[in-house]
Amino acid sequence: MSNYIELKGIPAAPGVAIGRAYIFGKQELRVLKKPIEAPEVPLEIARFEEALIKTRKEIIDIQKRISKDMGAEGSEIFDAHLLVLEDRMLIDEVITRLKKEKVCIEYIFSQALKKYMDVFSKIEDEYLRERISDINDVGRRVIHNLMGKKQKSLTDLEEPVVVVAHELSPSDTATMNKKHVIALITDIGGRTSHTAILAKSLEIPAVVGLEQATLAIRGDDRLIVDGRQGVVIVNPTQEHISKYAKVKEDNLSRVATVQEFKDLSPVTLDGRKIILAANIELPEEVDSVLAHGAEGIGLYRTEFFYMNRRDLPSEEEHYNRYKVVAEKVAPNAVIVRTLDLGGDKFISTLKVPHDMAPFLGWRAIRFCLAKPEFFKVQLRAVLRASSHGNLKLMYPMISGVEELKQANELLEECKQELRKEEVSFDEDIEVGAMIEVPSAALTCDILAKEVDFFSIGTNDLIQYSLAVDRSNEKVAYLYEPAHPAVLRLIKSIIDAGHKENIWVGMCGEMAGEPAFVILLLGLGLDEFSVSTVAIPEIKRIIRAVSYNQAKEIADKALTLSDSKAVEEFTSRKLNEIVKLY
Amino acid sequence: MHIIEKEVVIQNKQGLHARPAALFVQLANKFDSNITIKKGAQEVNGKSIMGILMLAAEKGSRVAIVAEGDDAAEAIEQLIALVSKDE
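Going down the list, the sequences are from chains A and B.
First residue of the first sequence: 31, per our numbering; consecutive thereafter.
First residue of the second sequence: 29, per our numbering; consecutive thereafter.
In isolation and in its complexed conformation, chain B is listed as follows:
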């Protein structure tokens, strides 16, 4: 069982909204690990579209992604890559 936490600055032009949020959820759900996103005091389930939308993470905001489970390393790597994409 691994727990990996990594900070990242959202680079998507639209922040974690709409399509990017949907892509994040779809990707997160491919892993067995529990995925959590933290922004300031807020903490949401990374596999939930509602949770992510409620974070309202704009481009440039700093969030921490936490993965907890056997495939945590892979999950973190792919999710960080997704939100770091500048498009």
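So that you can see chain A by itself, here it is in the shape it has in the complex:
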């Protein structure tokens, strides 16, 4: 049989898994409309009360388990569940209808619930519409308890499976038998959905937003999950299996590499010490980062804190998120990037329409500078957290020196306020600019006077300098990290930084591409910040080459006329120097 199907979704956690599908269906409950006699009414009410009490206990149990696993934050949603469960209007309505209609309580309750869900589904408010799933979750539990059925849960998994679901709620995953889950795939959800976070912390692959996974996949289907590419192959061919088995093997040897290189320093053969850090967006990722032997966080994205919520994060919440990471990573540095809204990252709370903040629009630092009071909440929180470790601050999307000056003025205001309030912070906190706009790249000599470091954001830098929208399939082939224009820009950024005695790092995807490591090293890059799993490989390459040799390779690469030639050359050199694969 070669009737394989390839599904494309959003890559949520890297890795490859090959295994059988386990469809986690929220099976539709069939509730019968069973008439009752008048004397039975009190019995039905008693059953209802019993079910509510039992459900309440279940929810509290799950809440406890989650707050142990994920901290208070993840368990808050269950407060809302409890309020729904104790809702007077719902309970009164159910009891009134029960007395009047004389039908079994299961039926009345599910009808009442359905009525609410119908109303909610019509509300023109994204947040409230999402509450339907809360009501649904609670209602299902109550009905299960009324019917005396055990809810099918992921606790019962007995062999290794790929869990396939429309959506996984925190209560589903809290009770999941994690030992037996080798990958997670879901129909809906984004890069920052609960499923993605969980998979990352479990270090198993996940693909979300597949839309049709639960329709296309049947229980026990053989699956390949490629969490890095966001691909799921259903009923794969023998070729697929051998190809991915090889990738898995490489991943395994990478695990061995992790062990081998974890405690070694990223230093070249001739003694040039490089800082090798990781990119993260959640505090929960830190343990894995440290286990992979990273020396700090080169990019701490903060957009996630604003997502999936109705209100804006308070200064205190920001502070706690930075403090916990700063403390764990200390004495190594953590670079917090201020809110990088726009482009492909949107936050419903801020009510910025998509057409206002496309890649060339009202986004990132532009947005923050336009809303100084909003921006200062984050700046103050970073400053306060800086007294708990080695925090640095970085502004995204800087396009000219004026923005940098304005941002620094706001930062100075925050420092003044904190001094007045006698709140301690790191007076010497380093401040950097992300260099990802060509105008900034070409004026780094000017920008360098205002900051302590640069970090090159290659994803946007490449897209802006080559005028290529990466998400547009028709032109995606033009997105070339090794384009001579990009290499020249990178070289000029690094040179300008070094001339002003500031260090220059890179936090874009290019830094984590083995083929470019030696080239970037040779251009003089001081810091590489890459995804956690890439750390051991990059370290291995750095340790295998001398700085002089890397410089020669970089010089030669700069003379080549197109990206293909550069990639061929650097890959060949890489293979000569380190036998990676």
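Don't read these hints as lab results, they were simulated from the structure.
Hints are supplied without guarantee of correctness; some may be wrong.
To be verified - If you only want the chain B side, here are some residues facing chain A, beta carbon under 8 Å, derived: (1) Ala50; (2) Gln70; (3) Asn73; (4) Gly79; (5) Lys87.
What the hints assert, rightly or not - Negatives, chain B to chain A, calculated, CB over 12 Å: (6) His30; (7) Pro48; (8) Ala49; (9) Gly74; (10) Lys75; (11) Asp98.
To be verified - Label-pair distances were calculated between CB atoms; the ranges are: (12) B:Gln54 / A:Leu294: 51 to 59 Å; (13) B:Lys113 / A:Gln289: 26 to 34 Å; (14) B:Lys113 / A:Glu403: 14 to 22 Å; (15) B:Glu96 / A:Lys144: 23 to 31 Å; (16) B:Arg90 / A:Lys94: 36 to 44 Å; (17) A:Lys401 / B:Arg90: 22 to 30 Å; (18) A:Glu451 / B:Arg90: 33 to 41 Å; (19) B:Lys34 / A:Arg60: 45 to 53 Å.
Just so it is clear, CB atoms sit at the ideal spot from N, CA and C, and this is done for glycine as well.
We have chain A; now place chain B onto it with these hints.
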């Protein structure tokens, strides 16, 4: 037995949603009085999270809070104070 009805403009930034709604319900349930919220033709039980969420009362919307019972005066005073908070 007292019945007190008072109109108020919702000042919470998020309207009567999520957390503010939950706070309202928790506070309303501390009183013996029946609490009702009216918005236009809609009327919901002020002690019910589902009811309040269904009102979808945004910041700036005008609602009437009705308390009916012995502690109506106190209930109205505290509930009005809660929704008038601008945070």
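Hints and how they fare:
Because the smallest distance between the Cβ of Ala50 (chain B) and any Cβ of chain A comes to about 6 Å, under 8 Å, the interface hint for this residue holds. The beta carbon of Gln70 (chain B) is not positioned within 8 Å of any beta carbon in chain A (closest approach about 11 Å), and the interface hint is therefore violated. Checking Asn73 (chain B) against chain A by beta carbon gives a least distance of about 4 Å; that is within 8 Å, so the hint holds. Hint on Gly79 (chain B) holds. Least Cβ distance to chain A is approximately 5 Å, under the 8 Å limit.
Taken as an interface hint, Lys87 (chain B) does not check out: its beta carbon lies about 12 Å from the nearest beta carbon of chain A, beyond 8 Å. Here His30 (chain B) stays apart from chain A, with its beta-carbon at least about 20 Å from theirs, past the 12 Å limit. With a minimum CB-CB distance of about 9 Å to chain A, Pro48 (chain B) fails to clear the 12 Å threshold, and the non-interface call is violated. Ala49 (chain B), annotated as away from the interface, has a beta carbon of chain A within 12 Å; the closest lies near 9 Å.
Once the 12 Å rule is applied to beta carbons, Gly74 (chain B) is inconsistent with being away from chain A; the minimum gap is 10 Å. At roughly 5 Å, the least C-beta separation between Lys75 (chain B) and chain A is not larger than 12 Å, which violates its mark as non-interface. Every CB of chain A is more than 12 Å from the CB of Asp98 (chain B) (nearest about 18 Å), matching its label as outside the interface. Here the CB-CB span from Gln54 (chain B) to Leu294 (chain A) is close to 55 Å, well matched to the stated 51 to 59 Å.
Range check, Lys113 (chain B) to Gln289 (chain A): about 55 Å between beta-carbon atoms, so the 26 to 34 Å window is missed. Distance hint check: the CB atoms of Lys113 (chain B) and Glu403 (chain A) are about 18 Å apart, consistent with the given range 14 to 22 Å. About 30 Å separates the C-beta atoms of Glu96 (chain B) and Lys144 (chain A), a value consistent with the hinted range of 23 to 31 Å. Under the hint 36 to 44 Å, the C-beta atoms of Arg90 (chain B) and Lys94 (chain A), about 41 Å apart, fit the expected range.
Take Lys401 (chain A) and Arg90 (chain B): their Cβ atoms lie about 28 Å apart, and the range 22 to 30 Å holds. With their beta carbons about 38 Å apart, Glu451 (chain A) and Arg90 (chain B) fall inside the hinted range of 33 to 41 Å. The hint said 45 to 53 Å for the Cβ distance between Lys34 (chain B) and Arg60 (chain A), and at roughly 47 Å that hint holds.
Hint check: violations occur at hints 2, 5, 7, 8, 9, 10, 13; the rest are consistent with the structure.
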